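Chemist: First residue of the sequence shown: 23, per the working numbering; consecutive thereafter.
Please keep in mind that the hints were generated in silico from the structure rather than gathered at the bench.
Among the hints, a few may not be true.
To be verified - Now the in silico label distances, taken between C-beta atoms and shown as ranges:
{"id": "1", "residue 1": "N25", "residue 2": "F94", "range": "16 to 24 Å"}
{"id": "2", "residue 1": "P98", "residue 2": "A28", "range": "14 to 22 Å"}
{"id": "3", "residue 1": "L85", "residue 2": "G23", "range": "38 to 46 Å"}
The structure presented is a predicted model; accordingly, all values stated were derived computationally and were not measured.
Every residue gets a Cβ at the ideal spot worked out from N, C-alpha and C, and that includes glycine.
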Amino acid sequence: GLNHVAFTVRDIHEVFGGGMHISRCGWDTQLGPGRHPVSSAYFWYFKNPAGALVEYYADEDQLTADWQPREFEPGPTVFAEWAIDGGLDGNTRRQKGVGPADGKFLTDKK
């Protein structure tokens, strides 16, 4: 059967804005918002009433002549570099007193 249908939107703001709207319309979040490490795309997956998933995404990488393939080991960090399980709701707020991240990220090139 159909796994999912993906809709590309202009930017992360539309991923979040559209995701909040779809959530308010009663669609449950499967996973998101988050970011795929393979494509660098921001995403939000929803369970739709027909049973398949719907994905909003933006800011995916584009292949150029300089593109080089990379190896990825199967695992949870291959699908999502970061993600929020269950989506955002009207009570979600920015954390206060959290400093900037340091260290290496999954997307850092060697």
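Chemist: Does the Cβ distance between L85 and G23 fall inside 38 to 46 Å?
Modeler: About 29 Å separates the Cβ atoms of L85 and G23, which means 38 to 46 Å is violated.
Chemist: Look at the Cβ atoms of P98 and A28 and judge whether their distance stays inside 14 to 22 Å.
Modeler: holds (20 Å)
Chemist: Honestly, do N25 and F94 meet the 16 to 24 Å range at C-beta?
Modeler: holds (19 Å)
The earlier numbered hint that this structure contradicts is number 3, and it is the only one.
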